[in-house]
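Q: Residue numbers (numbering that gives the first Met the number 0), protein chains in the order written: chain P, 0 to 500; chain Z, 0 to 500.
A few of these clues could be false.
Note that identical chains are pooled: a pair holds if it fits in a single copy or bridges any two copies.
Unchecked claim - List time: in silico SDA-like cross-link candidates among lysine to any residue, alpha-carbon distance up to 20 angstroms:
#, residue 1, residue 2
1, K474, Q405
2, K348, E105
3, K474, L352
4, K317, A133
5, K317, A177
6, K173, L18
7, K348, L228
8, K348, R401
9, K173, A145
10, K288, R52
11, K281, Q76
12, K348, L111
13, K255, D21
14, K474, G439
15, K348, G107
16, K173, R149
In case anyone wonders, no lab produced these hints; they're calculated from the structure.
There are 2 protein chains.
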Amino acid sequence: MVETHARRAAANGQAKFHLYEDIAARLARMIENGAYRHGSRLPSIRELSRQMRVSINTVMTAYGLLENMQLIEARPQSGYFVSSPLAEPDSALRANGRSLEAKPVEVGSRALQIIRTLSDPALVPLGASAPNSALLPIVRLNRMLAQQVRSHPLESGSYAPAAGHMRLRAEIAKRLVASGCTLSPEEVVITSGCVEAVSLALQAVCQPGQTVAVASPVYWTFLNSIQWLGLNLLEIPACPRTGISLDVLAYALRRKVIHACIIISNFNNPFGSVTPEENKHKLAELFAKHEVPLIEDDVYGDLSFAPERPPSVKAFDKHGWVVSCSSFSKTLAPGYRVGWMVPGRFRSKVEALKRLFNIATASPTQLAVAEFLANGGYGRHLRSLRRIYARQMVQVRDAVARSFPQGTRITRPEGGTVLWVVMPETVDAYRLYDAALEHGIGIAPGPLFTISGDFRNCIRLSTAFWSPEVEAAIKTAGELAAGLNSGHAPAADSVRQRLRT
Amino acid sequence: MVETHARRAAANGQAKFHLYEDIAARLARMIENGAYRHGSRLPSIRELSRQMRVSINTVMTAYGLLENMQLIEARPQSGYFVSSPLAEPDSALRANGRSLEAKPVEVGSRALQIIRTLSDPALVPLGASAPNSALLPIVRLNRMLAQQVRSHPLESGSYAPAAGHMRLRAEIAKRLVASGCTLSPEEVVITSGCVEAVSLALQAVCQPGQTVAVASPVYWTFLNSIQWLGLNLLEIPACPRTGISLDVLAYALRRKVIHACIIISNFNNPFGSVTPEENKHKLAELFAKHEVPLIEDDVYGDLSFAPERPPSVKAFDKHGWVVSCSSFSKTLAPGYRVGWMVPGRFRSKVEALKRLFNIATASPTQLAVAEFLANGGYGRHLRSLRRIYARQMVQVRDAVARSFPQGTRITRPEGGTVLWVVMPETVDAYRLYDAALEHGIGIAPGPLFTISGDFRNCIRLSTAFWSPEVEAAIKTAGELAAGLNSGHAPAADSVRQRLRT
């Protein structure tokens with residue numbers, strides 16, 4: 000591809016055929032034919048300059064060119080590495096290029112059974128979307144919990160306000176500046192986790208029988224909620240890198256076929272995609288123009304691998320049509336069940352609903368989280384968490400690239416804890432799930448993330464965990480996939496034996 | 000009435016006209032004409048025996064007769080007191096003797112506004128149904144919370160099972176023996192309070208458009224939930240002592256006009272009524288026979304003034320049609336948001352819904368409550384709480400009897416923290432609410448507890464609090480009611496002045 004580019008440049012009589020282009024083309028060929036395997040380290044700039052007898056500058060420019068083309072990637076303090084093959088936008092679009100037909104959701108019993116199974120702690124948690132509790136500051140947070148109930152005993156003896164404790168709301172409003180939002184604490188409503196926030200949002204903005212748009216593939220809990228609330232679903236094609244297709248969404252809004260939309264704007268589950276800032280801006284404007292509520296789930300936003308987290312869509316919301324939802328379940332303590340939402344123009348309705356469903360969220364955990372945000376070093380903790388997750392994302396991606404069958408493509412999330420693997424079309428994700436389960440490995444099959452029946456050759460993998468056991472599990476899963484690809488899976492026993500040796 | 004009885008006995012030529020009947024009749028007359036005021040102490044048995052020159056036995060028998068007729072009551076270690084006038088079953092039936100017409104609920108904005116206002120901590124909380132936090136073992140419970148998160152840090156780092164922590168479920172199953180239930184821990188599902196439990200129950204058993212029966216008057220949160228879920232409401236007449244009318248309910252079931260029913264079986268909010276054991280038995284059989292789910296809210300059951308608490312309807316449920324709901328909000332800590340339910344045959348649906356709405360209830364508070372139940376002296380705490388609430392029930396009832404206008408009747412709950420006051424028909428509860436609010440006093444007007452527009456001359460009062468301030472507030476409310484009764488309320492200023500002096 001690089002070579003073609005160079006040749007074409009030459010053929011077109013463009014100004015000059017650069018040496019660095021030639022070098023980039025040769026390296027690209029070596030990557031393509033497997034001389035440099037996915038995930039392997041490339042020679043250092045100095046080494047290559049010596050080997051190829053070219054200047055350091057030329058090598059640097061060649062590497063830069065390959066980096067731009069996403070064939071290689073620089074890793075801080077480690078050098079350059081061959082990127083894992085990236086799932087292309089087309090693949091998702093192709094899989095989901097259907098008509099704009101909204102449908103009621105009916106999650107099958109098999110899917111429900113698999114979802115339940117995936118939270119089984121006995122499995123290697125490649126199918127989980129839960130955080131890695133070993134990386135969470137539980138002990139420190141629990142200490143603050145003890146201290147908070149000691150200093151504020153009366154808060155346990157009365158119901159918190161439905162919208163939550165003002166101190167926590169104020170701390171969240173402060174944190175949301177990092178997401179590009181300037182909000183007053185009164186605009187924040189505390190919930191028992193992000194799932195409750197999205198559920199309250201859906202109930203506040205939709206009537207049964209109305210249609211909710213989602214990016215496809217979609218987090219399965221949204222499917223369950225939409226089904227339960229008697230809503231219809233419209234799956235909008237999405238790009239593994241940039242998320243939901245704005246064009247299709249705009250078309251659906253113009254046609255007035257949707258009454259709300261849920262998106263995970265940052266480090267989407269299951270793609271890992273980030274809606275570009277420009278698209279976020281457009282989304283906020285688009286929904287305001289059509290006066291349709293946009294429910295944003297930003298629960299992964301703080302898990303950006305970059306030093307700065309990306310903004311939320313809420314940051315661009317001038318008219319209150321964006322209902323932003325999030326929680327501390329991925330960054331502090333899932334067991335605390337503390338989440339929040341910024342419901343915009345739906346605030347009083349959301350507050351009334353919250354009061355109706357469980358009066359308020361528990362007080363002690365709210366106070367502990369507020370204290371952690373104020374004095375617990377949340378920023379420092381996030382930096383360390385992001386660093387670890389960034390490293391693990393690479394490790395999992397490389398492990399997949401090493402063991403999954405030829406032709407497998409992987410998304411390249413820049414935050415969060417999941418990635419999406421597109422296997423060759425002959426590999427059936429359900430069969431892979433069954434085979435992996437026999438080996439004590441959980442993986443999330445693609446069809447769980449849609450009602451279309453698509454994504455049959457896709458799986459979602461967690462990157463929240465890394466250990467020799469996880470590495471071995473990915474290897475096993477890859478071998479099982481390869482077996483399915485060639486028509487037969489290796490017998491469970493033989494793989495188990497290999498794992499033991 | 001006693002006199003009539005004695006005379007009739009004599010006229011009928013019955014065996015003998017007893018001296019004790021004569022004495023009872025004379026005392027009853029003195030109560031009726033106000034010589035002995037409601038709530039005032041009667042002479043001791045010894046005193047009266049001396050005064051009337053009759054034997055101690057005769058006085059004891061006379062007092063026993065008056066007690067049976069609920070004109071007087073014995074109070075342990077204090078002697079005999081004139082009972083406050085009791086609201087008669089008829090009054091409620093009369094107010095609600097409507098046809099069996101189910102209606103969609105629409106709680107008006109005025110009602111919503113009043114409900115919000117009543118939780119304002121600046122008001123004297125006569126309108127509250129919240130517990131008295133000063134009587135709750137908050138400090139001890141918080142200490143257990145601190146200790147539990149220290150010894151089980153990992154529970155904070157992961158989601159609890161949707162149905163809750165097994166240890167808490169086991170402790171609750173043990174406690175439920177006192178309610179007459181023999182259950183396995185697996186049958187218990189933990190929720191974030193009783194309101195969430197009832198909401199999950201309604202959603203598990205009903206479809207929008209179906210009809211839910213309730214005893215009228217009904218706790219307003221049920222009205223809000225039924226409205227929100229798009230259900231229709233059928234108000235069934237209820238007796239202030241024995242709760243929902245079984246005959247009417249059976250009729251509605253035979254006519255197949257209801258799809259579910261919610262009742263507060265013990266110390267009902269707002270009547271304070273208890274469904275008699277025999278009726279509980281019949282209820283369980285009736286609903287099983289018609290295969291209609293019965294949602295039981297038993298959140299006040301543990302607040303019985305008797306040494307033993309009454310059984311729940313669940314105790315008589317052989318076929319799983321009773322969904323029993325409760326919480327620790329009234330007995331331990333409302334701010335903890337820990338409740339539970341025993342969903343019977345709807346367990347897996349309830350569990351799925353719980354998972355869908357907020358994944359699970361927070362772990363630390365679950366563990367703390369489990370520890371308190373196991374090792375915190377919950378039984379001892381309950382005994383002390385019941386004793387105090389029993390005393391306050393009498394104090395509030397007497398204060399009402401002293402200051403509210405002639406003709407006012409009051410329920411006589413044997414547990415819980417609310418009572419129901421039926422004022423003369425000329426007193427409008429909304430006007431009383433407005434007038435009381437001006438004096439910084441919250442009271443809950445009767446029409447909040449119905450969609451029929453009835454109960455306009457009724458109010459619900461909290462008995463959870465007692466202090467000179469509460470006593471003065473009841474006096475003020477009574478005077479305001481008397482003023483409304485005679486057509487003019489005393490000016491706020493003059494009453495305030497009186498309160499200060």
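Q: A separate judgement is required for each hint: does it hold in the structure or not?
A: Against the structure, the hints come out as follows:
1. When the C-alpha separation of K474 and Q405 is checked against a cutoff of 20 angstroms, the pair qualifies only within one copy, where the shortest distance is 14 angstroms, while the shortest distance between copies is 85 angstroms.
2. When the C-alpha separation of K348 and E105 is checked against a cutoff of 20 angstroms, the pair qualifies only between copies, where the shortest distance is 15 angstroms, while the shortest distance within a copy is 28 angstroms.
3. In the homo-oligomer, the alpha carbons of K474 and L352 never lie at most 20 angstroms apart, since the shortest distance is 47 angstroms inside one protomer and 36 angstroms across protomers.
4. Neither within a single protomer nor between protomers do K317 and A133 lie at most 20 angstroms apart by alpha-carbon distance, with minima of 39 angstroms and 45 angstroms respectively.
5. Proximity of K317 and A177 under a CA criterion of 20 angstroms is satisfied intra-copy only: 17 angstroms inside one chain copy versus 57 angstroms between copies.
6. For the homomeric pair K173 and L18, neither the shortest alpha-carbon distance inside one copy (51 angstroms) nor that between copies (80 angstroms) is at most 20 angstroms.
7. Proximity of K348 and L228 under a CA criterion of 20 angstroms is satisfied in both settings, with 17 angstroms inside one chain copy and 14 angstroms between copies.
8. In this homomeric assembly, K348 and R401 never come within 20 angstroms of each other (Cα to Cα): the closest approach is 51 angstroms inside a single copy and 42 angstroms across copies.
9. Taking identical chains as interchangeable, the C-alpha atoms of K173 and A145 are never at most 20 angstroms apart, the minima being 24 angstroms within one chain and 28 angstroms between chains.
10. Taking identical chains as interchangeable, the C-alpha atoms of K288 and R52 are never at most 20 angstroms apart, the minima being 59 angstroms within one chain and 92 angstroms between chains.
11. Taking the shortest alpha-carbon separations for K281 and Q76, neither the intra-copy value of 37 angstroms nor the inter-copy value of 76 angstroms comes in at or below 20 angstroms.
12. When the C-alpha separation of K348 and L111 is checked against a cutoff of 20 angstroms, the pair qualifies only between copies, where the shortest distance is 12 angstroms, while the shortest distance within a copy is 31 angstroms.
13. For a Cα distance limit of 20 angstroms, the shortest separation of K255 from D21 qualifies neither inside one copy, at 52 angstroms, nor across copies, at 83 angstroms.
14. In the homo-oligomer, the alpha carbons of K474 and G439 lie at most 20 angstroms apart inside one protomer (13 angstroms), although the nearest pairing across protomers, at 70 angstroms, exceeds that limit.
15. Within a single copy, K348 and G107 get their C-alpha atoms only as close as 32 angstroms, which misses the 20 angstroms cut-off; across copies the closest is 14 angstroms, which meets it.
16. For the homomeric pair K173 and R149, neither the shortest alpha-carbon distance inside one copy (25 angstroms) nor that between copies (29 angstroms) is at most 20 angstroms.
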